[in-house]
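Asker: These are the residues of each chain, in order.
2 protein chains.
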Amino acid sequence: MAEKTKEVVESWSFLDTVESNFTPLVVIELAKGTKEETIEWFTKRIVDKKANGGAQLLVKPLVTENGVENIYLVGASHLRLLLGAETVGLVKECSDKSMRTFTYSSRKTFKDFADDNHNFLTMAECQYIIKHELENLRAKNEKMIPGYPQAKLYPGKSIVRRLLTSGILVQIFPLHDREELKKLRHRWYGRVKVGYQPLDDIRCYFGETIALYFGFLEYFTFALIPMAVIGIPYYVFAWEDYDKYVMFATFNLLWSTVILEVWKRICAILTYRWGTLLMKRQFEEPRPGFHGVLGINPVTGREEPVYSSVKRQLRIYLVSLPFVCLCLYFSLYVMMIYFDLEQWALDYHKENESNFSSLMLYVPSIIYAVVIEIMNRIYRYAAEFLTSWENHRLESSYQNHLILKVLVFNFLNCFASLFYIAFVLFDMKLLRQSLATLLITSQILNQFAESLLPYWLQKRYNRRMKKRMCSQKTDRDLSIAEQVNMEKEMGTYLGTFDDYLELFLQFGYVSLFSCVYPLAAVFAVLNNITEIYSDALKMCRVYKRPFAEPTANIGVWQLAFETMSVISVVTNCILIGMSPQVDALFPDSKMDLVLTVALVEHLLLAIKFIMAFVIPDKPRDIQVKLAKLEFESLEALKQQQMKLAAESLKE
Amino acid sequence: MAEKTKEVVESWSFLDTVESNFTPLVVIELAKGTKEETIEWFTKRIVDKKANGGAQLLVKPLVTENGVENIYLVGASHLRLLLGAETVGLVKECSDKSMRTFTYSSRKTFKDFADDNHNFLTMAECQYIIKHELENLRAKNEKMIPGYPQAKLYPGKSIVRRLLTSGILVQIFPLHDREELKKLRHRWYGRVKVGYQPLDDIRCYFGETIALYFGFLEYFTFALIPMAVIGIPYYVFAWEDYDKYVMFATFNLLWSTVILEVWKRICAILTYRWGTLLMKRQFEEPRPGFHGVLGINPVTGREEPVYSSVKRQLRIYLVSLPFVCLCLYFSLYVMMIYFDLEQWALDYHKENESNFSSLMLYVPSIIYAVVIEIMNRIYRYAAEFLTSWENHRLESSYQNHLILKVLVFNFLNCFASLFYIAFVLFDMKLLRQSLATLLITSQILNQFAESLLPYWLQKRYNRRMKKRMCSQKTDRDLSIAEQVNMEKEMGTYLGTFDDYLELFLQFGYVSLFSCVYPLAAVFAVLNNITEIYSDALKMCRVYKRPFAEPTANIGVWQLAFETMSVISVVTNCILIGMSPQVDALFPDSKMDLVLTVALVEHLLLAIKFIMAFVIPDKPRDIQVKLAKLEFESLEALKQQQMKLAAESLKE
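Here the protein sequences come in this chain order: A and B.
Heads up: the first sequence is residues 1 to 651, going by full-length UniProt numbering.
Heads up: the second sequence is residues 1 to 651, going by full-length UniProt numbering.
Simulated from the structure, these hints should not be mistaken for laboratory data.
Treat the hints with care, since some could be wrong.
As the list makes no split between identical chains, a pair holds if one copy fits it or if it spans any two.
Below, a list of computed lysine-lysine pairs in the DSSO-like style, where the Cα atoms sit at most 30 angstroms apart [what the hints assert, rightly or not]:
no.: 1; residue 1: 152; residue 2: 643
no.: 2; residue 1: 157; residue 2: 244
no.: 3; residue 1: 157; residue 2: 50
no.: 4; residue 1: 108; residue 2: 625
no.: 5; residue 1: 280; residue 2: 618
no.: 6; residue 1: 44; residue 2: 643
no.: 7; residue 1: 628; residue 2: 50
no.: 8; residue 1: 628; residue 2: 140
no.: 9; residue 1: 152; residue 2: 97
no.: 10; residue 1: 350; residue 2: 429
no.: 11; residue 1: 280; residue 2: 92
no.: 12; residue 1: 618; residue 2: 264
no.: 13; residue 1: 152; residue 2: 44
no.: 14; residue 1: 49; residue 2: 35
no.: 15; residue 1: 111; residue 2: 32
no.: 16; residue 1: 544; residue 2: 488
Only chain A is shown next, with the shape it has when bound in the complex:
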């Protein structure tokens, strides 16, 4: 086996030709003052042959007017990228319109493939491949990073991850493609038009995770429109009849189940087209921050840091869980202060009836909304710190624990006051007012903090940079240096977490109390339309280009949205049961009222679960395509087995 591998690896040596004229794809920024020997060792490992454990990529220092600045441009030959595409398991469309895992040997069967067509792989895919190859550059028998004895290495450790954690490597980021970006911007938000977003183009430029977020955002906005349209007359005509409210709430509850189920189908269609639905899961490496004592990993059999899962469980249940509970308690405490303030404002208004005092009525809500936002942000740092202290081995496990912590706190923080008003104070008027204030304030704050502020800062910075640069700009090469220097100062996009969280909370505002404030859906739709534009602006203008991340679904968020829609069944049923109109229907017995509400609630929940069960997660044609691929692979396996058996019998 070992011999075979060696032979294989050596045959990669044809890639040795160093192309001096290459397209820079990824930028590596090393810390200022990094030792010469380290740089030499690192760049040598990047360009070294696969046979010697290198990544066989191309690397070039960036030369600016200030000389070499420890910034390196990484690229790769076309052939190298194709072989890399096979390694990461990219799925592309074949000439016969089926989706298949790309292999170099079967390259001719793929759509648009030609040996001289350098656009077969999108730039995002090329950058993803380079990132993958860099991260899989592993230590051989180095015990430490040359020049940095404190940065320990062991065989199999990812070099890039160690460089990152020891601060030698400042950042790695993919370069923007100015031409493509301009085209994308134009198609995406350049024209004032009503239409779908160019999801396929977004996917080509930013990768699947981000395209799927924008797909979800768009889908969700469309899905809210019926709720908004039905909600408007309730506001306009001030309908207060209970039967209309019951109808509205029932529609909302069933509708929210349907849209979440249908999203799974649309998601399957999108990711099938993009090839990620079929992409095999790669074996997950330990996340960069993971640390532990060197030991034998029972799964890989390699020597690598291991950390006892009992210790981790102890940290989770004895530290993180109590801390989260404490934060939840604190959040409830702040809420009670808000209600005191609210009461004080009301009293003040009663005493001195003036314009000022009636304005004062809104002050507590606004203050509370701002405080909530601040608390959310502070808690977020604490949650990140705690989750990283829990020392999860895998990025996915880290993400799940972080999301769970943040979701629970955000949920309570945003909705506790509304629950209190609804089910303790029984004040529907205050509920409606608070809901409106919270919803609108948080939307404005978010839009401002997330997109407009960074955009304005970035624009100011860019203008200053350009002014400084323009005067010295002489040739084509400097233009890349200019671009790199500008992009490396841009903020880093930290993933879709915050964007999904915002949608999740919005979904809560819309669905939890939908029968009290039908206008919520209208605001949500309006917000989402501008959100699409501001998020697009953010992606294209404010942040560094992020690496593409292949994904097949929106992951844990699907579960979060579904949980929210289950909770909203309960809240809406109770709200309807409490409304005076329904109350009046059961003049003799409150018991009958409560029992009826409970019965209806259970029926609705049962219908929800049955609907979720009955609606298939994938459309029929995707199911057939997947079954076809599975059938083919089983047939191929059968052939292979027969061949191997025949060979072994011949011996």
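Position chain B against the provided structure of chain A, taking the given hints into account.
Answerer: Here is chain B on its own, set in the frame of chain A:
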């Protein structure tokens, strides 16, 4: 590709040697008067080389004193069985204690493998392989079965399935191994002892599906013991304090969640040891009864019968669904008659207070229990007819629709009267009495109808057969003939459906109203202990040996049990809320009572779902083993890709 296949297939020709002395494994019974040319063609196809599209098995007619009786014994050479084991994807234990998919080329790495060790594959595995090979014997270019022009064939159609549907093939069944069976019987129920069942031996003899049923039955019985033990003092001391009942019900609810989650883990441990947890799903062929117009199957690309799924949906929603609803209505109607009868008996007892009249009080319940059993059995036939008329393509889809139909009806039939008594009549005494009568009657009826009656019939028949045979018995070969003749008349075991259904309903009796009748668990435990013995008796003595069916879990039954445990949370909360003791706690406001009950119910449901989410489905060591296998296969794939890439570059 086609050429390669041919080459491969031809190399199988070394298997041509016909061994005259072979172990008969499977019996094929053809209809009396089957045409000579059909028999000749069929047996030729069975023994024919793989290269010619045969199964390359061994076949021998059974010779009895009456001459040839159209019964054939099928066997295979040791080598053929090993190659077959690779085809069906059997997973066996390696010398290093890991579980791996068996391949002929890597045979030496497996535990206990030796070229002359014919016990490497268990007899059940050999029979499963032969069944698989026979079912995969496909028509080449025959248009019909020779001699039967009405039995149409098309290329790729399974010959055995067509022979079965056209009635030429009466049955295929595996032979018992008298020696092994005797040993198994002794270990299983031969000794009077308290201890675990020999699940591994059962699995070796009967296959995974049946072993898993017995494993579940045993586990479930053990899991019920705590409930039974806690339940006894309630009966003995006639405790009626509400707090004790609340504790009992709460314990039951959480306990039922825990046992269902823990079962998943135990199931994973068992099926990992048996290799079925790792076994790849085979591509599912159309079920025997499926019919349609010849067309192109979009998945396989083969010409085979296709049936529009729209038509099937119409049949399901326009015929089956209304029919099931009608049956449910009828069942409720019968229930109302039962309550009239019950009332009549009560009146009668009041008028003439005698021993006879007090006995009469039990008559309606007993009659109703018997009627329920009869209705269940009749409905079962109707459901089977309807589901088969719906013309499902796959056996799994057929099974799911059948199970759903039968479950819903059985649930209503068995529990509707109890729900009526509990939540309409509010008569807890009657509920307790009905529950006891229904539970005990159905248990006695089941034990009698399922095991004892067939056992007695079979024993009588065997005695008669033996008497007739013994006088003519001359040599060793005739003893196999005797065995075949005896076994072919035995009943056919129709799968674990009825056994699971019985457990499911029992679980319902125990959990739905557990706080009213704590003794139910005691009866369930007692019943299950005898059930283990009577089911074992049934498997070993009454029925033909069934073919082994590999399976990794108990499938849809897990979902059914979980649904039942969710429903039981609701019913128990209501029952506790209705009890006079709890009622007395809220003397002022019935409202508070209802609201408290609703709150507790929702909390319990939330705890249930969180527990189900938090408890991992597989124990940690199994997770590590699975991850290790996945890692190895990904590594192997990477090596293979590099090899292929290197090869293609050399060209």
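Asker: Looking back at the hints listed earlier, which ones does the structure fail to meet?
Answerer: Numbers 1, 2, 9 and 15 - these are the hints that the structure violates, sorted from lowest upward.
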